[in-house]
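There are 4 protein chains.
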Amino acid sequence: MTKRRISNLQLLISVVGARKCDAKTYALAEEVGFELARRGATVVCGGLGGVMQAACQGAKSAGGRTIGILPGRNYRDANPYVDIPIVTGIGEARNSIVVRTARAVIAIGGEYGTLSEIAFALKFGIPVIGLATWDLARGKKRARIIEARDAKEAVELVMSAIVA
Amino acid sequence: MTKRRISNLQLLISVVGARKCDAKTYALAEEVGFELARRGATVVCGGLGGVMQAACQGAKSAGGRTIGILPGRNYRDANPYVDIPIVTGIGEARNSIVVRTARAVIAIGGEYGTLSEIAFALKFGIPVIGLATWDLARGKKRARIIEARDAKEAVELVMSAIVA
Amino acid sequence: MTKRRISNLQLLISVVGARKCDAKTYALAEEVGFELARRGATVVCGGLGGVMQAACQGAKSAGGRTIGILPGRNYRDANPYVDIPIVTGIGEARNSIVVRTARAVIAIGGEYGTLSEIAFALKFGIPVIGLATWDLARGKKRARIIEARDAKEAVELVMSAIVA
Amino acid sequence: MTKRRISNLQLLISVVGARKCDAKTYALAEEVGFELARRGATVVCGGLGGVMQAACQGAKSAGGRTIGILPGRNYRDANPYVDIPIVTGIGEARNSIVVRTARAVIAIGGEYGTLSEIAFALKFGIPVIGLATWDLARGKKRARIIEARDAKEAVELVMSAIVA
Chain L
1 MTKRRISNLQ LLISVVGARK CDAKTYALAE EVGFELARRG ATVVCGGLGG VMQAACQGAK
61 SAGGRTIGIL PGRNYRDANP YVDIPIVTGI GEARNSIVVR TARAVIAIGG EYGTLSEIAF
121 ALKFGIPVIG LATWDLARGK KRARIIEARD AKEAVELVMS AIVA
Chain S
1 MTKRRISNLQ LLISVVGARK CDAKTYALAE EVGFELARRG ATVVCGGLGG VMQAACQGAK
61 SAGGRTIGIL PGRNYRDANP YVDIPIVTGI GEARNSIVVR TARAVIAIGG EYGTLSEIAF
121 ALKFGIPVIG LATWDLARGK KRARIIEARD AKEAVELVMS AIVA
Chain P
1 MTKRRISNLQ LLISVVGARK CDAKTYALAE EVGFELARRG ATVVCGGLGG VMQAACQGAK
61 SAGGRTIGIL PGRNYRDANP YVDIPIVTGI GEARNSIVVR TARAVIAIGG EYGTLSEIAF
121 ALKFGIPVIG LATWDLARGK KRARIIEARD AKEAVELVMS AIVA
Chain Z
1 MTKRRISNLQ LLISVVGARK CDAKTYALAE EVGFELARRG ATVVCGGLGG VMQAACQGAK
61 SAGGRTIGIL PGRNYRDANP YVDIPIVTGI GEARNSIVVR TARAVIAIGG EYGTLSEIAF
121 ALKFGIPVIG LATWDLARGK KRARIIEARD AKEAVELVMS AIVA
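Chains as they are written, first to last, in the working numbering: chain L, 1 to 164; chain S, 1 to 164; chain P, 1 to 164; chain Z, 1 to 164.
Pulled out of the complex, with its shape left as it was, chain L reads as follows (with noise of 0.2 Å):
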């Protein structure tokens, strides 16, 4: 059976890092929100602060839209850039559907959390693309994450990764 899509249905891309990030890192998720808003895509993230703030200022600043998958409660722990938040009281299991909602991830730098998100995506078969993000070794297995040198590349090979 094949649907006749009459939604606007839109191109979702996750961004993870930390909650908490120094500047040069919000500097550089507030680029890569831009780029993705510029493109059309809707970023998708934690709903939280750092590097999930900042991923959702830029996609603001750029017109864009913007969906934040909260592990609490409430709807008011989204970050003020958030137009959507999706309030699972899941806590940190939320990691999962942040990943899944997406086409592609964009990791930035990122705590132990982030790397759960990385982990979740490579075995759910979702592109990851990462920004100074962990590096991941088995014996002689390497972790596929796709590594970017800037923002623009990052949603660049995004853009590629979705088409392929």
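As the list makes no split between identical chains, a pair holds if one copy fits it or if it spans any two.
Subject to a maximum C-alpha distance of 25 Å in a straight line, what follows is the list of computed DSS-like cross-link-like pairs (lysine-lysine):
id	residue 1	residue 2
1	Lys123	Lys141
2	Lys20	Lys140
3	Lys152	Lys20
4	Lys24	Lys123
5	Lys140	Lys24
6	Lys141	Lys20
7	Lys24	Lys141
8	Lys3	Lys24
9	Lys152	Lys24
10	Lys20	Lys3
Worth flagging that the hints you see were computed from the coordinates, not collected in a lab.
Since chain L is already given, all that's left is putting chains S, P and Z on it; use the hints.
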């Protein structure tokens, strides 16, 4: 701390009901979606067929926006009127997210899945407006479902419940 | 493929009810736990107080085993009669797990959380035995809760429902 | 408030690893399960095959107890050495529960699912002992995995980590 909102924070209202329904219930849910969108609300639902699809179809015909919070792992499970598919992969446990994400819930007809959503909404203190849905009693206690007679009244009751 | 069991696969029965209850309901839940343990069943519950604690206390007084599937992040939230605390951290979404894990559910009294568990059990096709619990109707439809008059009858009905 | 424990609160240790593994890894996981059970710990795992099954088999051969926290909807998915199948129905989001439920985690080899479990454990502050598992670095930062050379050392390190 107050956060100034830079986003276009959307008013999210959930419509819950069975994934299969008769034509009369479908028409009712479609009208509910239409009325919600006409008043600027974004329709949230479980993203599948039946009442969920009808509510999205109605919202789209009024130029509105729709979100489907899917139980499965694939955004293609969404009905063709969903703009934003949230891919949870957590099965029926996603019912609690459909409810938490909304400022109010409209329940239309419904089977046991709908009953679980009504129960969660009542537990979380989220207003529930019912259209030909479950009648719940325990001893002398009666569940706090606000009954509406038609789609327009349901949407008006939602708006009053939120302001109150 | 058939797998030969080497484990001591346990018969898991869930007891659901409010985390606060009056003395009469507590005594009823305690007797249910006692009767389940006496017949070799392991009591599963949400791990907190009230009906959950009473069922565990009854099971322990008969030398039985108990599992508490907790909503929060800390095993210390478990009532003192829980042998095995499962720490979900997913809040009320864990209600679906309390139900799925069991071969049958006994609902005692209960608030809206209990109602969500009854709804999930009915949706999943798991038998629900009720003791002074919700009365559910939708139009001419009536939910398939098997009503028991006392603790012993409830446990006998569980055993019949499983064999059937 | 202190609660006096009446239960036989069990020491729960999770063993995480891939659902398919070579014979050498299987033997290693089996020995880990055996050593854990010999010291009175209950083995928790994801309930499926490979490393999960091996750890359960080892525990049962030492007369121990085993818990499988399953991603799917059916207790029959559990490997034949699981005593208590917890049926989550929430897919890979259950990885966070496998980790939270334990006082410490032993990671053996592993694919991306295992990586997500390591990440969650480190995020939650739960000690992770690794046997031929992921090597994680971010810039100059190195993840806090405690590396063990063999099964006995892994179990000894678990016991020290818990006491500390």
